[in-house]
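Participant: Each chain is listed here by its residues.
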Amino acid sequence: MTGVLRMRTNVRLVLLGRKFGGSADAIGQMARLALAEGFVNDLFTEKILERELEFPTGLPMPVPLAIPHVSDGCSVPFVSIAVPESPVAFKHMDCSGDEIEARIIFLFGMPDAGGQLTVLKKFARAFADGEAVGRLLASEASGALLMELDDILDGLLDVENPTKESV
Amino acid sequence: MAKSVHICVCCGGGIFTTTVVTEEIEILLKSKKIPYVVSPHTITEIPNLTEADIIVATGKTSAVNKNGAPVLIGLPMFTGVGKEEFSKLLLDNIAEVSAK
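Protein chains in written order, with the numbering used here: chain A, 1 to 167; chain B, 1001 to 1100.
Keep in mind that the hints are not guaranteed to be accurate.
Straight-line distance between alpha carbons at most 27 angstroms, and here's what the computed DSSO-like set of lysine-lysine pairs gives [claimed, not checked]:
id : chain 1 : residue 1 : chain 2 : residue 2
1  : B       : K1032     : A       : K121
2  : A       : K121      : A       : K47
3  : A       : K91       : B       : K1060
Label-pair ranges, simulated between beta-carbon atoms [what the hints assert, rightly or not]:
id : chain 1 : residue 1 : chain 2 : residue 2 : range
4  : A       : S96       : B       : K1088     : 22 to 32 angstroms
5  : A       : A138      : B       : E1084     : 24 to 34 angstroms
6  : A       : G21       : B       : K1032     : 44 to 54 angstroms
7  : A       : G38       : B       : K1033     : 29 to 39 angstroms
8  : A       : G22       : B       : V1081     : 23 to 33 angstroms
9  : B       : A1099     : A       : N41       : 51 to 61 angstroms
Quick caveat, the hints were computed from the structure, so don't treat them as lab data. All C-beta atoms in this analysis are idealised placements derived from N, C-alpha and C, irrespective of residue type, glycine included.
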């Protein structure tokens, strides 16, 4: 393994202005997109929903957000991003039961979190940067959002060219 | 050789926060040449951790350790906001533990 592992994504994994009927619905819809890409299997969907109940991922950042993630059932490190039409309530990561009204959701599949450390750290920094996350929220198209995010993460996203055949 | 300080990193959010916070703590302790052991745990384990000198939780928690290990809130190590203050707090706690 050489260099820094980047995180895969593409425009089909981005949902803008979508309506969700709660956190489980959002996670379910996003997991289905990853399933369609062949990045995960059915176990992933089951485990990520389960994990969110036990270890919720709502984060009280300048722009409230949620980062559901799991390693089970996932073969390719990827991120899927949703900007819901209206905020979606996720439970607070501290397990206090508080609710975080997430305005953006980053769903991760990470087969090996250690190998993804560099990009995860970039994400963590980005989450705390309200201005940067605000630019993502303001994106009018999925492609533009991904370009913005890749810029924020210093090029550590592996954005598939949408004109190319997906593998 | 000084005894290693044992830090238990306790996460609610799971692998993402654990990975980032543990790495940041290791960088800090290595730079200060402090011998350490870091182990991952969940927030629910906090009361019953017997091996911990210091506990770092990634969310806020009111849990108290039965053996009296201090519980620090390590979210700054995740986001980078307030990282300097947290680093100082952690080092102060390590100094106190080591003095015992």
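Participant: It remains to establish, for every hint, whether it holds in the given structure.
Facilitator: Hint by hint, here is what the structure shows:
no.	hint	verdict
1	B:K1032 x A:K121	21 angstroms, holds
2	A:K121 x A:K47	23 angstroms, holds
3	A:K91 x B:K1060	13 angstroms, holds
4	A:S96 x B:K1088: 22 to 32 angstroms	26 angstroms, holds
5	A:A138 x B:E1084: 24 to 34 angstroms	31 angstroms, holds
6	A:G21 x B:K1032: 44 to 54 angstroms	49 angstroms, holds
7	A:G38 x B:K1033: 29 to 39 angstroms	47 angstroms, violated
8	A:G22 x B:V1081: 23 to 33 angstroms	29 angstroms, holds
9	B:A1099 x A:N41: 51 to 61 angstroms	52 angstroms, holds
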